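**Q** As given, the protein sequences belong to chains A and B, one line each in that order.
UniProt numbering numbers the first residue of the first sequence as 1 and each following residue consecutively.
UniProt numbering numbers the first residue of the second sequence as 1 and each following residue consecutively.
Dumping the calculated DSSO-like pairs for lysine-lysine here, alpha-carbon to alpha-carbon at most 30 Å:
| no. | chain 1 | residue 1 | chain 2 | residue 2 |
| --- | --- | --- | --- | --- |
| 1 | B | 90 | B | 73 |
| 2 | B | 49 | B | 73 |
| 3 | B | 73 | A | 101 |
| 4 | A | 49 | A | 73 |
| 5 | A | 73 | B | 73 |
| 6 | A | 101 | A | 206 |
| 7 | B | 73 | A | 90 |
| 8 | B | 174 | B | 206 |
| 9 | B | 90 | A | 73 |
| 10 | B | 49 | B | 90 |
| 11 | B | 206 | A | 206 |
| 12 | A | 101 | A | 49 |
| 13 | B | 65 | B | 90 |
| 14 | A | 101 | A | 90 |
| 15 | B | 65 | A | 73 |
| 16 | A | 49 | A | 90 |
| 17 | A | 73 | A | 101 |
| 18 | A | 206 | A | 174 |
| 19 | A | 101 | B | 206 |
| 20 | A | 90 | A | 65 |
| 21 | A | 90 | A | 73 |
| 22 | A | 65 | B | 73 |
If you are wondering where the hints come from, they were derived from the structure by calculation, not from laboratory data.
Note that the structure is a prediction, hence the values are computed from the model and not measured.
Protein chains: 2
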Amino acid sequence: MSQTASQSVPPSSPSSTPSASAEVAPAFSPLYQQIKALIMRGLQGGEWKPGEAIPSELDLAARFKVSQGTVRKAIDELAAENLLVRRQGKGTFVATHNEQKIQYRFLRLQPEEGAPQPMQREFLDCRRLRAPADIVRSLDLRSGDMVVQLRRTLSQAGRPVVLDDIWLPGSLFKGLTAERLTEYRGPLYSLFESEFGVRMIRAEEKIRAIAADRSVAALLGVADGAPLLSVERLSLTYGDRPVELRRGLYNTTQHHYRNELS
Amino acid sequence: MSQTASQSVPPSSPSSTPSASAEVAPAFSPLYQQIKALIMRGLQGGEWKPGEAIPSELDLAARFKVSQGTVRKAIDELAAENLLVRRQGKGTFVATHNEQKIQYRFLRLQPEEGAPQPMQREFLDCRRLRAPADIVRSLDLRSGDMVVQLRRTLSQAGRPVVLDDIWLPGSLFKGLTAERLTEYRGPLYSLFESEFGVRMIRAEEKIRAIAADRSVAALLGVADGAPLLSVERLSLTYGDRPVELRRGLYNTTQHHYRNELS
DNA sequence: AAGTGGTCTAGACCACGAT
DNA sequence: TCGTGGTCTAGACCACTTG
Numbered sequence: 001m002s003q004t005a006s007q008s009v010p011p012s013s014p015s016s017t018p019s020a021s022a023e024v025a026p027a028f029s030p031l032y033q034q035i036k037a038l039i040m041r042g043l044q045g046g047e048w049k050p051g052e053a054i055p056s057e058l059d060l061a062a063r064f065k066v067s068q069g070t071v072r073k074a075i076d077e078l079a080a081e082n083l084l085v086r087r088q089g090k091g092t093f094v095a096t097h098n099e100q101k102i103q104y105r106f107l108r109l110q111p112e113e114g115a116p117q118p119m120q121r122e123f124l125d126c127r128r129l130r131a132p133a134d135i136v137r138s139l140d141l142r143s144g145d146m147v148v149q150l151r152r153t154l155s156q157a158g159r160p161v162v163l164d165d166i167w168l169p170g171s172l173f174k175g176l177t178a179e180r181l182t183e184y185r186g187p188l189y190s191l192f193e194s195e196f197g198v199r200m201i202r203a204e205e206k207i208r209a210i211a212a213d214r215s216v217a218a219l220l221g222v223a224d225g226a227p228l229l230s231v232e233r234l235s236l237t238y239g240d241r242p243v244e245l246r247r248g249l250y251n252t253t254q255h256h257y258r259n260e261l262s
Numbered sequence: 001m002s003q004t005a006s007q008s009v010p011p012s013s014p015s016s017t018p019s020a021s022a023e024v025a026p027a028f029s030p031l032y033q034q035i036k037a038l039i040m041r042g043l044q045g046g047e048w049k050p051g052e053a054i055p056s057e058l059d060l061a062a063r064f065k066v067s068q069g070t071v072r073k074a075i076d077e078l079a080a081e082n083l084l085v086r087r088q089g090k091g092t093f094v095a096t097h098n099e100q101k102i103q104y105r106f107l108r109l110q111p112e113e114g115a116p117q118p119m120q121r122e123f124l125d126c127r128r129l130r131a132p133a134d135i136v137r138s139l140d141l142r143s144g145d146m147v148v149q150l151r152r153t154l155s156q157a158g159r160p161v162v163l164d165d166i167w168l169p170g171s172l173f174k175g176l177t178a179e180r181l182t183e184y185r186g187p188l189y190s191l192f193e194s195e196f197g198v199r200m201i202r203a204e205e206k207i208r209a210i211a212a213d214r215s216v217a218a219l220l221g222v223a224d225g226a227p228l229l230s231v232e233r234l235s236l237t238y239g240d241r242p243v244e245l246r247r248g249l250y251n252t253t254q255h256h257y258r259n260e261l262s
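All chains should be modelled from the sequences, with the hints used to inform the complete structure.
**A** Here it is as structure tokens:
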């Protein structure tokens, strides 16, 4: 804590926070935000792995020399951002993509009627190539960098519903092969998390309606020119660094994309 | 407060909260939740109107005979749900749909490039009729109830981008006419709020891709069969009562629907 | 019974906005 | 200068989970 920890003794200089040089704009942040940043750094650095418990509030309070209430507020915000999950009586846990409950944390597609069903995956392609210009831009790479490109479908009752094209930075996904993909049980993000230490925290989606071209129509089993939902998702990890670009095409005759506004 | 307000004197009976009969499941809720419910009742009852300030935290604490911290936590949650807006140094205000800043609180459509522009509205239709069966179901009406049906477009640079069909319970929107609609400046929800006291708090959307039929294609200036984004929105007011069904068709050649996941 | 998160209180001080 | 929300603390007790 650069900010004086014991509030009862006021700091002599009012702006005692910043790191002396370079920094100009922030100049101050509440204690709990600093604690939040420290916890986040621990998460990013792998001090606590997904699914594991972080230290108790009292432990963290002792470690950081602040009150439990301050730690609590930091954790509250991290829990609100879905980075942590509180469980009363048990502890606070690092969020993960392989919870038994919500299978696809980011997939908003729902069947028109009835409860969400598990989907069957099939991988059609997995290759490494130099990133095309648009991918370079989206993933914030340098031109010439390698990317892994995947293509897969999600099916329900034998009918393909989703066709995903996925691009991943080659530097982060060194040993990713078609084999690893097909043999892995569970969501892709779960594999990314456990095998490559890449944790998707947040994502931004751009949604459009497009017409199926011939090749896509064949893969999804729809008519040429049929309307499809185009979902372009950019997934981000800690520090809002982009680590996946996904272009999905959804057949929405039996499904819809569900969203809540407030 | 049915729960004992002064914590220092513990209640003799541990389960002194519930209202004796009928209720079985809840049987207990934290003090701040009860305060939250009371504030929400004030909002619903119109004690404080949209845009107005609610009493200060200390005032509310005094009124409800609880500490400021408890009121604070209640308000925190209401602010997180976008029912209230905190403004440091000024007070806490009732959320409204006619803020200068975000013009369309619920419209997620963005131009492909450049900043969001204001859109031109045009009303094509406004009529009262007996609710069709599907509308009855969605709006939780009784069969035979009247509804107001609107049709309008939103355009940008002279090109129509959105075609909305809107259904509203007739009982809530008694004096709604085409004139009122065309002469009103500002978002529809702002008009609903100020003229009819109907406040949209939350909404659920189902999104699909569909092909434009002939009449729609003509209105949106696209080819017959062109893919369009179909956005079905159910808007809810206090107590999750549905008060609007909106079927929108978006031309997403120059725009996209933006969403954030976490 | 022990340990965890969850609630509640009371009081201090800070930062912001209006006066 | 005053009133507002925002931060921080310290301590009490409650509710849930595990041994």
